[in-house]
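Asker: These are the residues of each chain, in order.
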Amino acid sequence: MSSIPIIVDCDPGIDDTIALLTAFVSPELDILGITPVCGNQPLERTVRNALQVCELGRRTDIPVHAGCFRPMLREPIYGQFHGQAGLGNTVLPDPIKTVEPKSAVDFLIDTLTVAAALQKRITICCLGPMTNLAVALRMNPQISEGIQRIVMMGGAYREPGNRTMTAEFNVLADPHAAHVVFSSGIPIVALALDATHQVMLKPEHVAQFSNVSGRISQTLAELMAFWDRNDMRRYGSRGGPLHDPLVIAYLLAPHLFTTERTRVFVEHESELCMGQTIADWYGKSGLEPNADIVTKVDAEGIIAFFLDRLSRYAEKAVA
Amino acid sequence: MSRQRVIIDADPGLDDAAAILMALASPEIDVLGLSVVAGNVPLQDTVANACKVVGVSGRTDVPVYAGAAGPLVRGQVFGKYARIGAFSDDLVARGGITPSEENAVRFIVRSAREAAGAGEPITICAIGPMTNLALALIQHPDVARGVRQIVSMGGAFTALGHRTPWAEFNVLADPHAAEIVYRSGVPIVVMPLDMTFQALFTAEHFRSFGDRGGAAGRALYNLFSTFDRSDITRFGRPGGPIHDATTIAWLIRPDLFTSRKASVGTQLTGLTMGYTYADFYQKMDREPNATVITDVDEAGFIDLLIERISLYGSVAPNPKSPRG
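Here the protein sequences come in this chain order: A and B.
First residue of the first sequence? That's 367 in the numbering used here, and the numbers climb one at a time after it.
First residue of the second sequence? That's 958 in the numbering used here, and the numbers climb one at a time after it.
These are calculated hints, taken from the structure and not from any lab test.
Cβ atoms here follow ideal geometry from the backbone N, Cα and C, with glycine treated the same way.
Treat the hints with care, as some may be off.
Simulated restraints, written as ranges between beta carbons of each label pair [unchecked claim]: (1) B:A1116 <-> A:V480: 21 to 29 Å; (2) A:E511 <-> B:D1099: 47 to 55 Å; (3) A:K463 <-> B:Q1033: 39 to 47 Å.
Computed cross-link-like contacts, DMTMM-like style, restricted to lysine to aspartate or glutamate with a CA-CA straight-line distance of at most 20 Å [claimed, not checked]: (4) A:K468 <-> B:E1058; (5) A:K468 <-> B:E1071; (6) A:K468 <-> B:D1254; (7) A:K468 <-> B:D1099.
Just chain B, with the same shape it has in the complex (with noise of 0.2 Å):
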């Protein structure tokens, strides 16, 4: 099976680094590069945290681009956890490695050209605001061409929101790039809180990270066990969810999830501002957009995300492909 060439627009944040500690493990997933945002916490903090979590995956070829510092239109919103900042040394151990020169948004509108000039359209995993992408598809037509489809963590729509009553964090934070992102005619895959927070995972998952992970268990473990993602009364059992992983696994292992084509779209003003809506039931005379993942195996996720964190406690981690 070839490889899936995936670039990963993350703002690390506790899930973007699981997220991307995943993908970088999985021999099924080419990484060519992290287009970093602000988002969870300033762009700052985010990149540094992106070249900490390459850093100690061991995967230094692998290049982190600084993008957009905030939203297209609105105003900035920063994450629930916000208070995490930069990832401190004792939860992730300083990388060796450094962003690039070239912006995210060069990165990727230069990459999805080449792509759609090869006729390889590529995958883009979405696990932050989609300020990046926005930027990226508004250049030139090529952009589109070159994205075969973009895995994108945000929204909610039978489930309430998780930042204000009604909206999911990445969509809030620019729910403009979000829309130009619905619409820009790529095929789009959404994966919504309703379906993460069908997956929790628990102390005793940690654990298993810190256990058999190597370093990059262990800061994963670190960053989970330190900040507490659980809350019982909306889930009604312990554990909390890590969102953002939700895109690797599907790329991975489609079967463990199941979908429902839909138009989706998103409120860009007042006070539901950033609520997605999922037009199940052909009431819009529209034409799906997008693949809503409305359910995930959540034993089934959870193994497979273990097992991926497993390989840098085993082995070497999963080497470049030999693309040159």
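Just chain A, with the same shape it has in the complex (with noise of 0.2 Å):
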């Protein structure tokens, strides 16, 4: 099989490391590129944390292009899970990698726009607020066509918020660029607080992924401990939310996941419930769907398929 091409928008922030640390070791995936955005931390710093952690999965090799410094028109919020400088109380070494001159939206144009001409189109995952994607959509709409589909984590259906009462993070930091997104008619894969709050990574998981993740057990532990929201009245059970891993979990094992295929829509209008997604679930609309939200996760195998992934780094020869 051939591998699946994909860029990584995100915003590092511990859930993010978890998702690329998965992805540099599953060799179905080619990464492009990965675009860090003003999200869980400001710019600079999730530029920092994604060179950080290219050097710690030995995946130097990857491009690292910085994106947009501040969300489209609101002012930028910051995540509240994610410690001082977004890695917990993790510090890593300082990178010697460098950020790529072409800017993250500049590289996505680009790069979408050679993938359309190939027809080789391109999955982009996005882990972070979407200004990246639909700033590149705003100046180039030509560029959809080198995109197979995006799978994305955010906005919360069924599930109230975790930043609002009624928004998930990274919709509300920037719900135009969310709205941008789904107007677009891009096939879209949502994985929002609905999935995420399945797959709880609690304190016996921990545990075990700090057995078998070789080399990066010591920092892998140290974010997954960090991530422990210890809070039995939301979630039911010690721990925190796998959000953004999962976005990698859905492209390796799909089979894991059970979709339900509907329209979208994102509020950026209401300040009351601004960054709420609203799914029409019956039909209520009379518009076309424009995504597919995951309602239900196979959390057991989904623990079982990180463990496995990330044993990867306790082998001898990591690419």
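Both chains come to you apart, so use the hints to assemble them.
Answerer: What follows is the structure, given as structure tokens:
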């Protein structure tokens, strides 16, 4: 099987880091580039974290292109569960790898234009606010021809929000960008809180990951331990929801997910419900579906999947 | 006096054509390029029109860049004179230039970042919906640092709108982009309808363009004679405005204008989408972000535009500065 070309648009971030580390050791994926954006942390920090994670995973061959430094319209908001600098209490060495001179938006446009011409479409993995992709689409709408599909973490449908009562962080951070992307006609797979809250990374899992993950085990265990929300009332257990890594799992193990096809709308006008994602479950809008929303996840299967992948860091030769 | 380095972000458009030709004839202004956006007419037509206007000016060294094909968030609306479409060859002769490969937004980002690096910020005249500018400003903080000022034709404060009851077209067509620009921290100079409605051009003025302005002047004569912009019930006297040219006139002769500082913004939703407000009386506890031009010396502005267009009939077009 030929590998799936992907671009990882992200805002690392602890869960972004776990997603990247998993993608790095998955030969089914051809990671063409990483495009950090302002999100969980200011851009300067998400770029630095992306570079450090590439070094941690020994994938310095993957180019990192810096994205937009702010959301389209709203003032930036930052994540609340990623520590001071985005990686919990973990301090990684200063990166030697440097960011590419080309911006993320230019990289997306140039790469997707070539992909469209060659009919070799690329999957975009969105793990953060979707500002980069929205700006690229507005600059050059034809690039949608170069996109196979967008697999995104964000939104909250039947589940309440995690940053406001109604909004999930990635969509709230740039609701206008989310609106642009959901209006683009590009096929979208949406991993919302409805899906990610089904997969809790619990303290007993952290111990397992620590045991199997070889040379990254100390860092991985630190990051995962920091991720524990310790909020029984909300999540029904200890641990933290495995948001962003599910995007990578969906690409590699789709059989672990159940989806429902529907029309998604993004609230970008009302301040009270800003960033809310609304699914037309029962065909009330009269509009065609634009997304596959993941409704069910095999949580045990997912944990086993990540244990298998991340155990590859224990093997001696990791690409 | 050193020439002002200017990018014109435009959606030609009749009065865009006048503004562009005015700038290209003016020795005070060094036009770095035209970044074109969808607005009055669809993008393919605004780009074709921009290329024709540059062609008819003889300044084929000035690059034209195609930008955004539609607004950021809202659905697309076109201008009141959208039926103009692409300028026909009998109105504006077919010109000799084609658009550059580079996207207009990338051109703005590149130019502004270079200007920031060199410590020589540029001016942007925004005479269409501000989609391109907004897309550029989002990408890197150096874009705002590299722009000295944005001279924006758009908005209406005490005057009512001309595309909806409340809204001026350029802001209405992309209110989110306008808001991004207004809040960008770049000093904004706003040319609202309140002021542009004060200078009305009549058939006699258009004849002056045609008689004195060579091929460029004839093109303007053709355009303004074919598409009548007068509105006697609104203006109470004959003639119609050439909104966009006020931006260029202000760069050349600020003494023809009166201004006030104010905090300016726009309404993003609902029936009054695109309505612009100016806090002239400091009611909002916000620092002014804009210089709002409130009045224009009508005769002075009309004479200046005719004088500059006449240069196309008398001398060789203004040469490019020796920038390399």
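Asker: State for each hint whether it applies.
Answerer: Against the structure, the hints come out as follows:
1. Between A1116 of chain B and V480 of chain A the C-beta distance comes to about 48 Å, which lies outside the given range of 21 to 29 Å.
2. Between E511 of chain A and D1099 of chain B, the C-beta spacing of about 31 Å breaks the proposed range 47 to 55 Å.
3. Between K463 of chain A and Q1033 of chain B the beta carbon distance is about 42 Å. The supplied range of 39 to 47 Å therefore holds.
4. A hinted pair counts as satisfied when its Cα atoms are at most 20 Å apart, and K468 of chain A with E1058 of chain B qualifies at roughly 17 Å.
5. This hinted pair checks out: K468 of chain A and E1071 of chain B have alpha carbons roughly 14 Å apart, not beyond 20 Å.
6. The hinted pair formed by K468 of chain A and D1254 of chain B fails the criterion: a straight-line CA distance of about 47 Å is larger than 20 Å.
7. For the hint linking K468 of chain A to D1099 of chain B, the alpha-carbon distance of about 15 Å falls within 20 Å, and the restraint holds.
In this structure, the earlier hints numbered 1, 2 and 6 are contradicted, and the remaining ones agree with it.
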